[in-house]
Every structure is written in C-alpha cells, then in structure tokens.
Amino acid sequence: MSAGNALTRSAPWRGTAWVMGKLGLSGRTLVIAIPMLWLGVFFLAPFFVLGRISLAEALIARPPYTPLFERGPDGSLQIIASLENYRFLMTDALYRNAYLSSIRVAFVSTIFALLIGYPIAYYIARAPEPKRSILLLMVILPFWTSFLLRVYAWMGFLRSNGVINNTLISLGIIDSPIQMMQTDFAVYIGIVYTYLPFMILPLYANLTKLDGALLEAASDLGASPTVTFFTVTLPLSLPGIVAGSMLVFIPAIGEYVIPALLGGPNTLMIGRVLWDEFFSSRDWPVASAVAIVMLVLVVAPIMWLQSVQNRREER
Amino acid sequence: MRGWFLPMAVVFGFVFLYAPIISLVVFSFNESRLVTVWGGFSTRWYGELLRDRQILGSAWISLQVAFASATLATIIGTLGAFVLTRFSTFAGRLLLTGMITAPLVMPEVITGLSLLLLFVSMELSLGWPAGRGLTTIIIAHTTFCAAFVAVIAQSRLRSMDESLEEAARDLGAGPVRVFFDITLPVITPALVAGWLLAFTLSLDDLVIASFVSGPGASTLPMVIFSKVRLGVSPDINALATIIIGFVVIAVLIAGWLMRRALRQGK
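Top line first, the protein sequences correspond to chains A and B. Heads up: the first sequence begins at 1 in the numbering used here, then just goes up one per residue. Heads up: the second sequence begins at 1 in the numbering used here, then just goes up one per residue.
Hints listed in this document are in silico derivations from the structure and should not be mistaken for laboratory results. Even for Gly, the Cβ is constructed at its ideal location relative to N, Cα and C. Careful, some of the hints might be misleading.
Unchecked claim - Cβ-Cβ distance ranges computed for the label pairs, FRET-style:
1. E84/A <-> A91/B: 37 to 43 Å
2. I302/A <-> T43/B: 24 to 30 Å
3. P239/A <-> V15/B: 55 to 61 Å
4. E48/B <-> P64/A: 36 to 42 Å
5. R33/B <-> I302/A: 22 to 28 Å
6. Q264/B <-> D276/A: 53 to 59 Å
7. R169/B <-> P235/A: 42 to 48 Å
8. W4/B <-> L214/A: 41 to 47 Å
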C-alpha cells in the first residue's frame, strides 16, 4: 500500500476529515491557511507592532514604551501616538548620515564584488567540464562555512600585527604596520568577501548561456578580443550583472556584523545604528522608527525593483 | 580578457577567497596565544575548546534550533510553494506571494526587532510566549527560512511534469493521495536541498537570534560573537577549523555519492 493511501485510510486522518467536514472546511482551505496564518502572524503582524511602537515614547519600565491606549480622567479611551521619534530622526544628523553611508558602503562593495567576481565567473563559464564543476564548487565552498567565522578570519588578517602587516614588514616593504582594521576599507573587504558567491553565481549562470556564435561572428568581422568583450559579452551579460549586484547590495545595506567587527567607531551603517539604539540605548521606540524609515526608504524600493525585474523576465 | 589578465584575475580572486581561511586553520595549531605570530605546533586550543562548556552548550542549542526550524520551515515553505503553484485563484494570493518573497530581502535587523516586539506584545496581551528562549528563536528562524525553502520548492514544482498528477487524478486518486504519492516523491530532492539550506541559514544566524533569544538560550554564533568582539582568540580558530573540516568532508561525501549515482544511471 502506498504512503498516501495508508495515510488517507488511517483513523486519525479520517477523524480529522470528518471534523473538518462538519465545520464546513475543505482540505484546500486548510492547506492555504497553514502558510498564510504562520506568515501572517510571524511576518506581517510584527510590522504593525513595529509601526505602533515607533509612535510611542520610551519609558524605563517593562515593556520600555508607553501604551497606545490610555484611560483619560473621565474614563474615555485615548490614543497616545506621536511622531516625535520621526521628527527626532529627521533633525539628528546621525541618522541621515547613517542611511547615506549605508547606501555608499553597499554601493562601493557591490562595485568591488563585480570587479572581482566578473573575471572568475567568465573564466568558469569558459572552462572545460571537470574543471568547471570543481571551480564552481570552490566558489560555493566558503559559503557553507560560518559567516561569522569568515568575517573573523579577516580580523586576523587585517590587524596591526595581523598576517598582512607581518608579511609586509618581514619583506621590508613597510616599516610600521598600516591601519587596516576599523576602517571603511575593512568593511568593504568583509562585505565583498561574504557575498562574492552571490555575485559570481548569477553571472556564471548568465555567461554560460552566451551564444559562442556571436563571439565568433564578432572576431570574424575583425573585432579584437577586447572590443568583442566590451561590445558583445558585457552588454549581453547585463541581466546577470544586475541580478548579482542586487544580491550583494541588498544584504549589505542592512549589515550589522561586518561593520561591528571590522569597522571603526566612525563606520556608520544603519543596521548598526538600529542595533545600538536597541541594545545599548534601550530605546525601543526610536529603534522601531529607524526600522520603519529603513523599510520605506530602502526595502520598499528594492522590492518594487525586483517585482519590475521579475515581470520583465516573465515576458 | 585573453592572455595574462584573465588568469591573473582568477588567481587573485581565489587567493582572496581562500587565504583568510587557510591562515585561520594554520594558526589554530599555533602554540602562542597571539593568533598571528607563529609559536610552534600545538593542539592545545582544541583541548581548551573541548573543555569550554559555554561553547559546547551553545553548539547544542544551535543544533536543536537548526534542526527544528529547518524541519518546520520545510513544511511551511513547501505548503506555501504548493499553494502558489497549484491553486491559481484564491483570496489572498497576492498577500501570500508577498509574504513569502519579502523575507528574502528583509534586513535581518528589521526582522529581528519586529519579531521581538511581536513576542513582547503577545506575552503582554496573551501570556504567550512566556519569556524568550529556544521557542522564540525557532519561530523566528522558521519564518525567514521558510521563504528560502519556498523559492527552491516553487521552482521544482513549476518545472515538474504536471501530467503525472493529472494521470493519477484521472485514475481516481484524491488530492491527498496525489500529493503524497506523486508530487512529494518527485520534489523530494529539492526539499532535501531546501532543508539543508534552512539548516545552514539557521546555524549561521546571529542578528535575528540576538534579538529574539532570552537568558540561557545563547546560540553558538552569539557566543562566538561575544568572544570575537573582544579580539581574536585561538580557540575560535580551532572551532573554525573543526567546522571547515566538517563542511569539506560533507562536500566530498556528497560529491562522491553524486558521482556514484551518475555512474549507476549510465
């Protein structure tokens, strides 16, 4: 007897089906309801809570924010909500700078990831078969090890008495260590390193689809390899470039761990500001307001861009 | 891109990818406490790691969380993907599509903060969850991992031959039998891949777990982060080497199994 048959004949199954029939629920409704309810409660509802707490004020209490409703002196229910936190975000330069610098850091890192990732993807896409699979595996392998430990590896590399500085000093290239840790440069490296596979894989997928006949045609017509690359390969791989860049840019912009471990006190990133607001200042309402602004300014445009891109691909 | 430039760029890229990992492994066998100065070969940091109750305890918590949330995420993600690919019209289809793709682009700090605020408000108004710990981390991880499982399951469900399901229906099988006897066996490899991805993502998460965990439920990344924040420490190198060893062995076994399956298929 098959698994499905055994299941539908079992007593618990038939009992459940009977109860559901009595309640007027179909199996179809139940199948739709499970993911819908789970995501509705644990993914969608939190944003309403977030929005509501962003309108509250911080309190030293449990929970550390003012309630939304309060009984007035005459017993009527009053709604307490203020846009004070948002006004604060607009007036304090820290937050504006953090948003702008997150975008800058994510953008610069994406460019670096593209510059390092493109040649690798191109090379792998052109490699003969056994070599191609091995190289592809080598690109993905670091991704399977812990993200935190990969960032940690760079701490040992970039420190003043780290591997790079020690090597350069022993080779006599420099006399005193270069400050690399706790700089924006270290943050770029951390982001590029962490998300490089996300850049390479879409590029590779795109470049393997490239029609070799086009390249031959270009060279038959007298184009040099460099000209062929810039006039044929590069424009045709644009969808791969866009997809890979999105996959690096999106997680980079809200990044907390990398700026916290590799960046200096001056490396402002919005994910880090939110974290500090929550864990250090314990100001839940301001942290919520930072998150809401981030949703509107960063996440919403990204989701819109992606849906536009998806629609274009479906066509 | 011919001549010397391309190979040079590729070599540079792979050196960039592997040099930090190799140095991490090499210095895990360093006698000296100074992580980056060689003081002779030693395995003492492995010994210290095995005596570190905090790390071992948190590793156990992480494994429990990863196992539970990967399993739950596979169930919810598969159901979501199934609903979206097989039921063409139903109320809330657009909403479900949005809720299943949005976690993929949501910054971790926002997911973590908003879930924590939800748990706190739920505890205040419903009395559940009482405090935060293992359960809340599992719920949080399930939610964001389900999105990744759904993407994988969706692409497999779209590409599979639907005439198989139709044939079963024509032969009189009910929807439940069709799902368990036809659809599920066909998409199982994709679900295994999805489960593994969810397991890895859960094991790797620091930010969301930090927000939603409570006292006594620190995951391995949380313990590593609190140690690493204070500077490099050699027992973390030893831990990293062990993890890398596991991954390399798992990949080699997977590769060997795949080659064997391919050969048998011929």
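Comparing the hints with the structure gives:
no.: 1; hint: E84/A <-> A91/B: 37 to 43 Å; in the structure: holds, 38 Å
no.: 2; hint: I302/A <-> T43/B: 24 to 30 Å; in the structure: violated, 47 Å
no.: 3; hint: P239/A <-> V15/B: 55 to 61 Å; in the structure: violated, 29 Å
no.: 4; hint: E48/B <-> P64/A: 36 to 42 Å; in the structure: holds, 39 Å
no.: 5; hint: R33/B <-> I302/A: 22 to 28 Å; in the structure: violated, 44 Å
no.: 6; hint: Q264/B <-> D276/A: 53 to 59 Å; in the structure: holds, 56 Å
no.: 7; hint: R169/B <-> P235/A: 42 to 48 Å; in the structure: holds, 47 Å
no.: 8; hint: W4/B <-> L214/A: 41 to 47 Å; in the structure: violated, 25 Å
Going through the hint list in order, the structure does not satisfy hints 2, 3, 5, 8.
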